Amino acid sequence: MTNNRNHKILNILNAFVVYIVLILTSILILYPLVYVVGSAFSSASSLQGIGTNPFPEEPTFAQFRRLFTTTNYLTWYKNTLQIAAMVCLSTVVITSFAAYVFSRFNFAMRKQLMISFLVFQIFPSFIGMVAIYVLLLRLGGLDTKWGLALVYIAGNIPYNTWLVKGYIDNIPKSFDEAARIDGASHFQAFTKVILPISRPIITFLIITSFLGPWMDFIIPRMVLRSDKQFTLALGLFQLIDGKAANNYTVFAAGALLIAVPFVIMFLIGQKSLMAVLGSAGVKE
Amino acid sequence: MDVRLRQKALISGVLFIGLGHILFLKQQVKGALYFLVGLITFYFVAIENTGSGFRLNFNGFIVQKIRGFITLGVFNPNLPVRERDHSIFMMVDGLLCVLIIVLFLIVYVISIRDILKIVRHYEVSGGELADNRSFLKHVLNRAFPSIGLSPVIILLLFFVVLPIIFSFCIAFTNYSYPNNIPPANKVDWVFFQNFRDLFGGAQAMWTSALWRVLTWTLIWAILSTACVYLTGMFMAISLSHRNIKIASFFRSIFILPYAVPAVLSMMVWANLLNGTFGPINAMLMQSGLISQNIPWLTDIGFARFSMVVVTTWCGFPYHMLMVTSIMTSISPDLYEAASIDGASKRQQTFKITIPLVLSQTVPLIIMAFTFNINNFGAAYFLFMGAGSTRGPSAADTVSTNANGIDIVVTWIYKLTMQNPQKFQYASVLAVLLFAVLTPFAIWNYTRTKSYKESGL
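If you read the protein sequences in the order shown, they are chains A and B. 0 is the number of the first residue of the first sequence in numbering that gives the first Met the number 0; add one for each residue after it. 0 is the number of the first residue of the second sequence in numbering that gives the first Met the number 0; add one for each residue after it.
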C-alpha cells in the first residue's frame with residue numbers, strides 16, 4: 000500500500016520536473032525569436048538601445064521604413080525570388096527526369112555515375128570556388144542572376160537525383176510497363192504515371208530547392224559584385240556585419256520579413272517534409 | 000570469313016573511330032556520327048591555325064591548352080600586367096581540354112565495344128548484319144535516357160567535377176599571396192611542398208594552426224552531434240506519454256528553430272551574445288549573477304561553448320521530430336508485454352525505447368556528423384560581430400587566418416577570400432576533407448534500402 004503511494008508521489012514529482020524542463024526550454028526557444036520581433040518594431044536603432052526587454056514600449060514601423068528607403072532590400076528580395084524560382088523549376092525538371100532514367104533504364108556507366116553522384120554530394124560546393132569563378136567569367140555569368148542560378152542547379156543535382164531515384168525505385172515497374180503496353184511513350188509514362196505517384200518527393204524537391212538560395216551566403220558572395228544584384232543573405236550580412244551598434248533593428252526588420260514566409264511555408268509543407276526526411280535518413 | 004570480318008572491322012575501327020562501322024559492318028549512319036566526332040577531335044588536336052594558314056603539326060588548340068596546363072605559362076615581367084600569362088585561366092582551360100579528350104576516349108572505347116558486339120551478333124545469327132534501319136530504331140529507343148541525362152552530365156562535368164579536380168590540382172601549386180597571384184605573377188607546380196609545409200612542420204606556424212583546427216573540428220563535430228541528437232531524443236521522450244494537447248503545444252514551439260533559416264538564427268544569436276551590448280550579458284548583470292561582461296564570442300573557451308549551445312538550439316528540433324516518428328512506429332505490444340512482466344515506465348524507456356531508436360537512427364547520426372563537420376554557419380555567422388578576426392584569435396591568426404573557433408570549412412573559406420590569400424593550403428585542406436568524408440558517405444549509402452535491393 001505505502002509502496003503504491005510512494006510510486007504515485009514519485010510519478011507526480013517526475014511529471015513536475017519534466018514540465019519545468021519543458022517550460023524552461025520553451026522560454027529559451029522563444030526568447031530570441033520574440034526579441035527579434037520586438038526589435039523590428041522598436042524605435043531605437045542600435046542593440047544597446049533595446050536593452051533586455053524584448054517588448055518595445057511604443058511599437059513603430061520606423062525600422063521597416065528605414066529598410067525600404069535606405070537600403071536596396073526590395074531589390075534583394077526580388078532578386079532572391081527570381082533566382083529561387085529559376086533554381087526550383089530547373090531542379091525539379093532536370094533531377095526528376097534523370098532520376099527516372101536511372102531508376103528504369105540500363106545503360107553503360109550507370110553504376111559508376113550513381114556512385115560518383117554520391118561522392119560529389121558530400122563535397123561542399125564552395126570548395127571549387129575559384130574554378131567556378133573562372134568558368135563564369137568565361138561564360139559572362141559573373142554578377143548575373145542566371146550565373147548564380149546555374150551554380151545552384153548543378154549543385155542540387157547529385158543529392159536530389161539520389162533522393163528521387165530512391166523514391167521511384169519503390170514504385171512497381173508494372174505501373175509504367177502497363178502504360179507502355181497501352182501505347183504511351185517513355186515520356187508519357189513518366190509524366191502521366193510516375194510523376195503523379197511521386198508527388199510527395201516532388202513537393203519536397205520544390206520546397207527545398209526553392210528555399211536553398213534564400214540563405215546561402217558563400218556562393219553569391221563570390222558570384223555577385225554589385226549591391227543591385229545582391230540576394231537577401233548578402234544584403235543582410237552586409238547590413239549588420241560589424242555594424243550591430245547602428246543597424247541592428249533594421250536587420251531585425253529585414254530578418255522578420257524573411258522568417259515569416261519561411262515559417263508559413265514550413266508549416267504548410269511540414270508533413271511531406273517529414274515523410275521524406277524520415278524515409279531518406281532512417282533506414283533499417 | 001568470320002575471322003576476317005572481325006579482324007578487318009576491328010583494325011579499321013581502332014585505326015580511326017567509325018571506320019569499321021562504315022566499311023565492313025553496313026552501319027554507315029552510326030559510323031558517320033562516330034567518324035564526325037573523330038574528325039572534329041582530330042582537327043583540334045592535330046591542326047594548328049597559325050593565322051597565315053593551317054598546318055598539320057599535332058600542335059592544335061587542345062594540345063596547346065594542355066601544354067599550358069603543364070607549364071602554367073611563362074613569367075614575362077616586360078609585358079604589361081594585363082597581357083601576361085594567367086596561370087589560373089590556363090589551368091582551367093587545360094583541364095577543360097583534358098575533359099574533352101577523356102570524353103572522346105570514352106566514345107572511342109564504346110565504338111570498339113560496339114564493333115565486337117555487332118560481330119558477335121553476326122556470328123551467332125549466322126551471317127546477318129543489322130543495317131541502318133535497325134540502328135535508327137535503336138536510337139529512338141535509346142534517345143529517352145540520353146535526353147534525360149545529358150543536362151545532368153554536362154552541368155555536373157562543368158560545375159562540379161571540373162571545380163573539384165581544379166581544386167585538387169591547386170593543392171600541388173604555389174598559388175598564394177603575395178608572390179604567386181596571377182596575372183602579375185605566375186603560379187608553379189610545387190608537387191608535395193604544401194603537404195610538407197602543413198603536415199611536416201616545414202612551416203611551424205602553419206602546422207600548429209592545422210592541428211588546432213583539425214582537433215577542434217573533430218571535437219566540435221562529435222560534441223555538437225551528440226548535443227543535438229541527445230537533446231532531440233530527450234525532448235521526444237519527455238513529450239511522449241503526455242496528454243496529446245500539451246505535447247503538441249510544446250512540440251509546435253520546439254520546431255520553431257527548425258523553421259527559421261539557420262543563418263538568420265546565427266546572426267540573431269551573434270547579437271544576443273554580443274559581449275558589450277548583448278541583452279544576455281545585460282540580463283545576467285541586472286540579476287546580479289555576474290559583475291563583469293562575459294566574452295561569449297571572443298574568449299576561446301566561451302566561444303566554443305556558445306557555438307555548441309547555439310547549434311543545439313538550431314538543430315535539436317529536427318532530431319526530436321525524427322525520434323518521435325520512430326517511437327510511434329515501435330509496436331505497442333512490446334510495451335504491453337514489458338508491463339505484464341512488471342517493467343516500470345523508466346525501465347521501458349531505457350530497455351525498449353532508447354535501444355530501438357538508437358539502432359534505427361545510426362545513419363541519421365552519421366549524417367548529422369558529416370553535416371557538422373561542414374557546418375559553416377555555426378563557425379562564421381555566429382562570430383561576425385566578434386572583432387576583425389571573427390572570433391577569438393590565436394597567436395598565428397594574422398598570418399594563418401585561422402582563429403580559435405575555425406573549423407576546416409571556415410578556414411578554407413577564409414584562406415580563399417581573406418587576405419593573405421593562400422589558395423594552395425585551402426586546397427590541401429579540401430583534399431583532406433574529401434579523404435575523410437567519402438568513406439562516411441559510402442558507408443551510409445551501403446546501409447540504405449536502394450543499395451540492398453539493387454546491389455548497385
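Read the hints as simulated data drawn from the structure, not as lab findings. Please read these numbers as outputs of a predicted model, since none were measured by experiment. Heads up, a few of these hints could be off.
Now the stretches of chain B that chain A is said to cover, found in silico as 3 or more residues with beta-carbon under 8 Å [said to hold, decoys possible]: (1) 220-228; (2) 258-272; (3) 281-293.
Residues from chain A that face chain B, not an exhaustive set, calculated with beta carbons under 10 Å [to be verified]: (4) Phe-40; (5) Ser-44; (6) Met-85; (7) Ser-89; (8) Ile-126; (9) Ile-131; (10) Asp-215; (11) Val-262; (12) Ile-263.
We put the CB at the ideal spot given by N, CA and C, even for glycine.
Chain B contact restraint on Ile-131 of chain A - CB to CB distance below 10 Å: holds, 5 Å
Chain B contact restraint on Ile-126 of chain A - CB to CB distance below 10 Å: Holds. Min distance 5 Å.
Outcome, coverage of the region 220-228 of chain B by chain A - at least 3 residues whose beta-carbon is closer than 8 Å to one in that chain: Violated - the region 220-228 of chain B has 0 residues with a Cβ nearer than 8 Å to chain A, which falls short of three.
Within 8 Å of chain A's CB atoms, at least three CB atoms from the region 258-272 of chain B: coverage verdict: Our answer is that it holds, as 13 residues pass the Cβ test (under 8 Å) against chain A, meeting three.
Coverage criterion applied to the region 281-293 of chain B (partner chain A; beta-carbon cut 8 Å; 3 residues): Held - the region 281-293 of chain B has 3 residues with a Cβ nearer than 8 Å to chain A, which meets the minimum of three.
Satisfaction of the Ser-89 of chain A interface hint, Cβ to chain B closer than 10 Å: Status holds, d = 9 Å.
Residue hint Phe-40 of chain A, partner chain B, criterion CB-CB below 10 Å: Status violated, d = 15 Å.
Interface hint compliance - Ile-263 of chain A to chain B, C-beta minimum distance less than 10 Å: holds, 9 Å
Evaluation of the interface hint that places Asp-215 of chain A against chain B, nearest CB under 10 Å: Since chain B brings a Cβ to about 8 Å from Asp-215 of chain A, closer than 10 Å, the hint holds.
Chain B contact restraint for Val-262 of chain A - C-beta distance below 10 Å: holds, 4 Å
Hinted contact Ser-44 of chain A with chain B - closest CB pair below 10 Å: Result: violated, 12 Å to nearest chain B Cβ.
Chain B contact restraint on Met-85 of chain A - CB to CB distance below 10 Å: violated, 13 Å
When held up to the earlier numbered hints, the structure conflicts with 1, 4, 5 and 6 and fits the remainder.
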